[in-house]
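**Student:** For what it's worth, my numbering labels the leading residue of the sequence shown as 1, then goes sequentially.
I should point out that these hints are in silico values taken from the structure, not numbers from a laboratory.
Fair warning: there could be bad hints in the mix.
[Unchecked claim] Calculated cross-link-like contacts (lysine-lysine; reagent style DSSO-like; alpha-carbon spacing at most 30 Å):
{"#": "1", "residue 1": "Lys123", "residue 2": "Lys10"}
{"#": "2", "residue 1": "Lys42", "residue 2": "Lys160"}
{"#": "3", "residue 1": "Lys72", "residue 2": "Lys166"}
{"#": "4", "residue 1": "Lys123", "residue 2": "Lys2"}
{"#": "5", "residue 1": "Lys123", "residue 2": "Lys42"}
{"#": "6", "residue 1": "Lys2", "residue 2": "Lys160"}
[Claimed, not checked] Derived CB-CB ranges, DEER-like:
{"#": "7", "residue 1": "Ile52", "residue 2": "Ser6", "range": "52 to 60 Å"}
{"#": "8", "residue 1": "Phe44", "residue 2": "Leu104", "range": "34 to 42 Å"}
{"#": "9", "residue 1": "Ser129", "residue 2": "Phe32", "range": "48 to 56 Å"}
{"#": "10", "residue 1": "Ile22", "residue 2": "Trp111", "range": "35 to 43 Å"}
Each residue gets a CB set at the ideal place from its N, CA and C atoms; glycine is no exception.
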Amino acid sequence: MKWFFSIAAKIINVLTYLTGWIAALSLVAAAFIVTEGVIVRKVFGVSTIWQIEASVFLLIFVVFTGAAFVQKNEGHLNVDLVVIHLSPRTRQLTFIVVSIISCLLCALLAWYAWPMWWEAVVKNEHSESLWGPPLWIPYLFLPLGMTALFLQYIVQIFEKISILRKGALSEKKERFELKHIKLPGTETNKSDAFRKG
């Protein structure tokens, strides 16, 4: 059973990184499309019909499909006001419970979003704009993103349970928010360090 989970976790992590990189490229593409739309309209005086909608679709893709990548790197917002003061075991149990609730919410969203996408495919629905792209494209982003996030939560829940069973819990109490960002007052002043040296 462990080998199956190990292989499944590797596949899910590869898919997570893939969707994360595609989301990053989509964000860059959206920025270029908006820039191109502004230049074409302001410099050449040509009306555009597809740039705004295409950039919105790309940003929707970034938000929903990039969520699993952010979760993989534990970059989603956390409120650690209470959790940071708990014992390591209780803290880990809290993370597991919160991850299970989040996983269930993602599953629920995906469960209801996949039929919505399929209905757009079957009915061949199109946007009412002049460009008129098929709506199954943006409708795909929600169920795809929630399914990827659901799978990523499953992997992390099993990893957290494994850490809890092994007893490899960190005693260190650290912030969960902005842990990679240096805040004023958290680093030594260079002038003070220079005076001491």
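**Student:** Each hint: holds or not?
**Tutor:** Tested hints:
Taken as a hint, the Lys123 and Lys10 pair is broken in the structure, with Cα atoms around 37 Å apart against an allowance of 30 Å. Proximity of Lys42 to Lys160 is assessed by CA-CA distance (about 53 Å); at most 30 Å being required, the pair is judged violated. Of the supplied pair hints, the one linking Lys72 and Lys166 holds, its CA atoms being roughly 21 Å apart against a limit of 30 Å. Between Lys123 and Lys2, the direct Cα distance comes to roughly 43 Å. Violation of the 30 Å bound is thereby established for this hinted pair.
For the proposed pair Lys123 and Lys42, the alpha carbon gap of about 38 Å is over 30 Å, so the pair is violated. Taking the CA atoms of Lys2 and Lys160, the gap is near 15 Å; set against the 30 Å cutoff, the hint holds. Range check, Ile52 to Ser6: Cβ separation about 45 Å, and the 52 to 60 Å hint is violated. Checked against the hint of 34 to 42 Å, the C-beta distance between Phe44 and Leu104 comes to roughly 51 Å, which is inconsistent with it.
Distance hint for Ser129 and Phe32: a CB-CB separation of about 20 Å, inconsistent with the stated range 48 to 56 Å. Look at Ile22 against Trp111: about 24 Å separates their beta carbons, and that is not inside 35 to 43 Å.
The earlier numbered hints that this structure contradicts are 1, 2, 4, 5, 7, 8, 9, 10.
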